[in-house]
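Peer 1: Sequence:
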Amino acid sequence: MKNNFVAILDFGSSKVTCMAATKVSDNGDFVIKAVGQSSYSGFDDNAWYEPDLLDNAVTQAISQVENKMKSNIKEIYVGVPGAFCALATGEASLNFHSKKKMDENDVAEIIEKANIFKADDNVIPLTGKPVFYFVDGIIRTDDAVGVIGNKLTGLVSFSFMKKYFRNTVAPILLENGINRVHYVNVCEAQAGFISNTMLKSGYSIIIDVGHITTNVVLCGGNGLLFQRTFALGSGYLAGDLCQVLGCEFDFAMNVLEKINLNLEVRQGDAYTVNGRMVDAAQTNEVVKARIAQIAEYIMRSFAMCEREVPSDTPVILTGGGLAYLRGGVDALSHALQKPIRLYRSVNPQTNRNEYTSSYGLIYEAIRNVKNTGGLLSMFRNLRKGDN
Numbered sequence: 024m025k026n027n028f029v030a031i032l033d034f035g036s037s038k039v040t041c042m043a044a045t046k047v048s049d050n051g052d053f054v055i056k057a058v059g060q061s062s063y064s065g066f067d068d069n070a071w072y073e074p075d076l077l078d079n080a081v082t083q084a085i086s087q088v089e090n091k092m093k094s095n096i097k098e099i100y101v102g103v104p105g106a107f108c109a110l111a112t113g114e115a116s117l118n119f120h121s122k123k124k125m126d127e128n129d130v131a132e133i134i135e136k137a138n139i140f141k142a143d144d145n146v147i148p149l150t151g152k153p154v155f156y157f158v159d160g161i162i163r164t165d166d167a168v169g170v171i172g173n174k175l176t177g178l179v180s181f182s183f184m185k186k187y188f189r190n191t192v193a194p195i196l197l198e199n200g201i202n203r204v205h206y207v208n209v210c211e212a213q214a215g216f217i218s219n220t221m222l223k224s225g226y227s228i229i230i231d232v233g234h235i236t237t238n239v240v241l242c243g244g245n246g247l248l249f250q251r252t253f254a255l256g257s258g259y260l261a262g263d264l265c266q267v268l269g270c271e272f273d274f275a276m277n278v279l280e281k282i283n284l285n286l287e288v289r290q291g292d293a294y295t296v297n298g299r300m301v302d303a304a305q306t307n308e309v310v311k312a313r314i315a316q317i318a319e320y321i322m323r324s325f326a327m328c329e330r331e332v333p334s335d336t337p338v339i340l341t342g343g344g345l346a347y348l349r350g351g352v353d354a355l356s357h358a359l360q361k362p363i364r365l366y367r368s369v370n371p372q373t374n375r376n377e378y379t380s381s382y383g384l385i386y387e388a389i390r391n392v393k394n395t396g397g398l399l400s401m402f403r404n405l406r407k408g409d410n
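If you count by this note's numbering, then the sequence shown holds residues 24 to 410, one letter each, in order.
Hints may be right or wrong, so weigh each one.
Unchecked claim - Below, a list of computed lysine-lysine pairs in the DSBU-like style, where the Cα atoms sit at most 35 Å apart:
hint, residue 1, residue 2
1, 46, 91
2, 141, 186
3, 281, 56
4, 93, 186
5, 91, 186
6, 174, 122
7, 46, 136
8, 38, 361
Stated by the list, open to error - Using C-beta positions, here's what the derived DEER-type ranges look like:
hint, residue 1, residue 2, range
9, 357, 143, 34 to 44 Å
10, 287, 86, 46 to 56 Å
11, 119, 62, 49 to 59 Å
12, 118, 165, 17 to 27 Å
13, 329, 254, 20 to 30 Å
14, 124, 79, 49 to 59 Å
15, 329, 143, 19 to 29 Å
Everything labelled a hint here was simulated from the structure, so no lab data went into it. Note that the structure is a prediction, hence the values are computed from the model and not measured. The C-beta atom is built at its ideal place from N, Cα and C for all residues, glycine as well.
Based on the sequences and whatever the hints tell you, model everything.
Peer 2: Below, the structure written as structure tokens:
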């Protein structure tokens, strides 16, 4: 770590965010010292919408943090959006002649044996992260180090990054004097942070509804079992209102801040937004219809998941798309026919839903600094310093 802080870069669907944070404890606790942001047009699963403007957006976000920290960033953790990531899982076992105490070398061998995937010319391997283990085929554990047994079986999650993402982002970082870059699957980092904050262990479904994209993941222990991104978010809610109300996009966004989907509105009820009256019943129905479509896409996503998802798996909503929409969580819960918990943190610094992906990157960076030179450096930093 070249600085006395970690720096991250997070590509949301409407903003680029850079943060600097300092480590508080070996458990991954941190304090955010500076935040920089710049608006941009986002991306789909193939490309940036306005690639010519990406350089300026990234540079602005980084410069804001550097000015606040009075220090240049030389090393950074970059979150690779779900649209530019792929995920695969593999399983491997080790058999021993007699009972032994598992160590980090055994875990490293499990990861190596489970990696049967040959990346094509369009992607780059990122990480291999054990999700959970079985000892002697019976005992399940999230941490195998120190466990005694004759056989160790591990399920490992592997992330891959599209070369297109690195090829567009790396030159911009070099222009800003940053030559040590760690690429991280942002969905994996976010899920790890939220699981540690709210659940600690076990299965969880995390749904991140952003401005123009939604990520859905199945987390099982220490890693991801499933991941999918689709193009639907709060920006589509505003777009629907523009069409129905015949208004400008900015006005539609203001309407979303005003409405409450939990209200029992009747014909004739209205919301007053910037001195203008809009039909409350019509507005609520338009928004609920789009949320129902988001729920349908979520269900379609999990129909592609090859693993059986336990019916009691907790569902956590985060992201800025629906978290701040009054009644948004309830509307999505009703459409999915599943109880949904909203991400919350007792720490005021990490209690903003639109930044949970950034928190996840910081959490990953802090833990990586803790483990530099140890086992994790053997598989987590496959792209370390690779610009």
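Peer 1: Now look at each hint and say whether the structure bears it out.
Peer 2: These are the hints, each one checked on the structure:
At roughly 18 Å between alpha-carbon atoms, residue 46 and residue 91 fall within 35 Å of each other, so this suggested pair holds. Of the supplied pair hints, the one linking residue 141 and residue 186 holds, its CA atoms being roughly 15 Å apart against a limit of 35 Å. For the hint linking residue 281 to residue 56, the alpha-carbon distance of about 32 Å falls within 35 Å, and the restraint holds. The straight-line distance between the Cα atoms of residue 93 and residue 186 is roughly 33 Å, inside the 35 Å bound, and the hint therefore holds.
Between residue 91 and residue 186 the CA atoms are separated by roughly 32 Å; this keeps the pair inside 35 Å, and the hint holds. A hinted pair counts as satisfied when its Cα atoms are at most 35 Å apart, and residue 174 with residue 122 qualifies at roughly 8 Å. Among the hinted pairs, residue 46 with residue 136 is consistent with the structure: their alpha-carbon atoms are about 33 Å apart, no more than 35 Å. A distance of roughly 30 Å separates the Cα atoms of residue 38 and residue 361; the hinted pair therefore holds under the 35 Å criterion.
At roughly 41 Å, the beta carbons of residue 357 and residue 143 sit within the given window of 34 to 44 Å. Roughly 49 Å separates the CB atoms of residue 287 and residue 86, a value that falls within the hinted 46 to 56 Å. Remark: the range hint 49 to 59 Å for residue 119 to residue 62 is upheld by a beta-carbon distance near 56 Å. One distance hint, 17 to 27 Å for the beta-carbon pair residue 118 and residue 165, holds here, with the actual separation near 21 Å.
Under the hint 20 to 30 Å, the C-beta atoms of residue 329 and residue 254, about 23 Å apart, fit the expected range. Evaluation of the 49 to 59 Å hint for residue 124 and residue 79 yields a pass: the beta carbon distance comes to about 54 Å. A beta carbon spacing of about 20 Å between residue 329 and residue 143 agrees with the range 19 to 29 Å that was offered as a hint.
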